[in-house]
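Protein chains in written order, with our numbering: chain A, 1 to 295; chain B, 296 to 560.
Please keep in mind that the hints were generated in silico from the structure rather than gathered at the bench. Any given hint might turn out to be false.
Label-pair restraints from in silico Cβ distances [as the list claims (entries may be wrong)]:
(1) T381(B) to L112(A): 50 to 58 Å
(2) R492(B) to D213(A): 17 to 25 Å
(3) W488(B) to S61(A): 49 to 57 Å
(4) E185(A) to T366(B): 50 to 58 Å
(5) L370(B) to P14(A): 42 to 50 Å
(6) R448(B) to E121(A): 43 to 51 Å
(7) G33(A) to C372(B): 53 to 61 Å
(8) H120(A) to R492(B): 19 to 27 Å
Everything numeric in this text was worked out from a predicted model, so none of it was measured. Note that the Cβ used here is the ideal one computed from N, Cα and C, for glycine as well.
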Amino acid sequence: MMIVVDALSHIYAPDTPLARVALRSVTLSISPGERVGVAGPTGSGKSTLIQHLAGLLAPSSGRVLLDGVPASGKGQKSQSRRRQVGIAFQYPEEQVFEQTVGREVAFGPRNLGLDSGEIHERVRWALNLVGLDAPAFLDRSPFTLSGGELRRVSLAGVLALQPAVLILDEPTAGLDPRGRGSLLERIDAWQRETSSTLIVVSHDLAALAQLIDRVVLLRGAEIVADGPSRSVLGDPARLTGAGLEPPLPVALLHQLRTAGWNVATDRFRPAEAAEEIASYLRAGRRQFETRGVPQ
Amino acid sequence: MNLLLPGMYVSTHSPVHRLDPRVKMTAALLLMVAPFAAPGFPSSVLLAAFVGLIALLSDAPWLALLRTLRTVLWLGCFLFVFYLFTTPGRVLVAWRGISLTAEGLAAGTTQIYRLCLLVVVSSLLTFTTSPAQLTHGLEALLHPLARLGLPVREAAMVLSISLRFVPTLFDQVERLIKAQRSRGAALQSGPPWRRIRSWIPVFVPIFVAAFRRADELAVAMDARGFRGVRQRTHLRRLRLGWRDLFASLIVLGIGVTAFALDRFL
């Protein structure tokens with residue numbers, strides 16, 4: 001689904017002393033199948049932006065179009081477009097309400113009006129996708145699960161909608177490192193398999209770097225950078241300017257560079273950074289050897 | 296909190312904000328009772344003008360203040376129509392046994408005026424006094440009742456804790472509505488019994504969260520050595536200053552004048 005955001009502004013509590021501008025004339029477009037990260041410090045408008053993409057807020061001015069149809073419109077067309085956008089808010093486990101895991105995951109598909117066979121199929125598929133063994137979990141009460149399991153169940157509830165656009169707000173907040181890694185892997189695999197659009201919000205995008213190819217940087221209700229992951233995340237000056245920490249590998253490469261090493265600084269994945277340093281060292285040795293050979 | 300609720304506290308440093316909550320609460324009570332004790336026209340104008348002046352002095356958001364009146368719109372209409380047709384007196388229009396009297400018109404208008412004054416005065420109180428101050432003031436005013444063995448301090452504590460969580464829960468309801476709606480939940484449509492059912496996905500999590508939060512709060516209070524409210528003192532003690540004295544005198548003066556106007560004019 002093609003997402004177009006055109007000069008979108010959003011003001012909370014307008015015409016009151018508490019009025020606050022959350023987005024100021026934001027323009028961007030996201031093509032089908034893109035993997036976009038939205039980053040920015042607290043209060044930069046990230047959360048407001050994704051709510052607009054899901055049609056959950058009405059713009060103060062400007063437009064949000066899903067395949068050319070206003071996202072927050074009341075009409076039948078807008079409604080059907082909105083249904084193709086799945087959104088998992090921060091701490092999605094807070095929304096769990098059903099008596100069993102199976103019913104909880106089935107809530108979305110049931111609202112889509114699917115027949116029971118299809119619903120059952122999707123519930124199993126979604127549970128397996130997030131790494132939970134469906135037969136073992138279907139009839140358990142969600143309130144007996146661990147935090148990590150509950151997070152997966154609530155994500156399965158969104159994935160079961162089989163959205164064309166999936167929006168995740170801080171999907172790994174509060175998970176332990178192992179749970180974080182396996183969840184990201186599964187989301188990555190799901191995206192590659194279905195080539196859906198993936199939009200991930202975080203203040204620590206370096207940790208989610210494997211999921212995204214493009215980064216939109218927000219600060220103070222405006223977009224301050226929008227480009228390929230490498231050019232945005234690899235630019236420490238721009239990141240610190242936006243109030244964010246640069247990824248650790250980039251910070252390291254940057255320090256090496258200021259110390260006189262001739263390395264590229266835009267490798268934000270640890271493995272890439274290691275490769276860059278290794279190749280510099282190899283090149284250095286070769287240089288030393290050619291120069292160092294006595295005549 | 297992204298929403299301005301009717302009657303929500305708006306923090307500014309207006310002269311009214313800085314008054315002692317006890318003075319404000321007593322004054323509010325007086326101003327709410329006054330139109331009943333002094334129902335005449337001159338005193339009504341005086342009281343309305345005085346409340347308007349307070350609103351001006353308190354930097355109250357005008358739009359929000361007017362919006363609070365919406366909450367009593369239907370009650371106001373009902374009262375007006377009720378008094379309009381049931382008050383005996385000089386008949387203005389009569390039609391098929393229903394008569395509309397001049398006295399009814401006056402009585403209906405009076406009811407509307409009283410209702411509006413009630414709402415505006417209480418909104419002004421909550422606009423200019425934080426929940427913490429309100430409960431502190433209430434506790435101080437009701438203190439004499441504690442001698443009779445009533446748990447005034449405990450009640451004030453419970454009240455302040457629950458007021459503290461209203462915005463938190465409100466935020467969460469807002470978030471839950473969005474989350475469930477994005478999963479295709481059809482909230483607020485259809486007949487009442489179905490409407491209640493459709494809200495279960497919002498109500499269940501909010502109750503779960505409220506209980507969990509209460510539990511966590513209890514543990515946190517325990518961990519900080521909270522042992523009942525008996526020996527508790529306040530960080531900010533209420534102290535009456537010259538402003539409070541001045542404000543009390545003015546309110547009292549207006550009250551007496553309103554009463555006198557009706558008596559002697």
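Distance restraint evaluation - H120(A), R492(B), Cβ atoms, bounds 19 to 27 Å:
holds (22 Å)
Taking the beta carbons of R492(B) and D213(A), is their distance inside 17 to 25 Å?
violated (43 Å)
Do the beta carbons of E185(A) and T366(B) sit within 50 to 58 Å of each other?
At 52 Å between Cβs, range holds.
Do R448(B) and E121(A) keep their Cβ atoms within the hinted range of 43 to 51 Å?
violated (59 Å)
Kindly confirm whether 49 to 57 Å is satisfied by the beta carbon distance between W488(B) and S61(A).
Violated, since W488(B) and S61(A) (Cβ atoms, about 40 Å apart) do not stay within the stated range.
Quick one: are L370(B) and P14(A) within 42 to 50 Å, going by C-beta?
At roughly 28 Å between Cβ atoms, P14(A) and L370(B) fall outside 42 to 50 Å, so the hint is violated.
Using the beta carbons of G33(A) and C372(B), state whether their distance is inside 53 to 61 Å or not.
holds (56 Å)
Has the hinted range 50 to 58 Å been met by the Cβ atoms of T381(B) and L112(A)?
holds (55 Å)
The structure shown violates the earlier hints numbered 2, 3, 5, 6.
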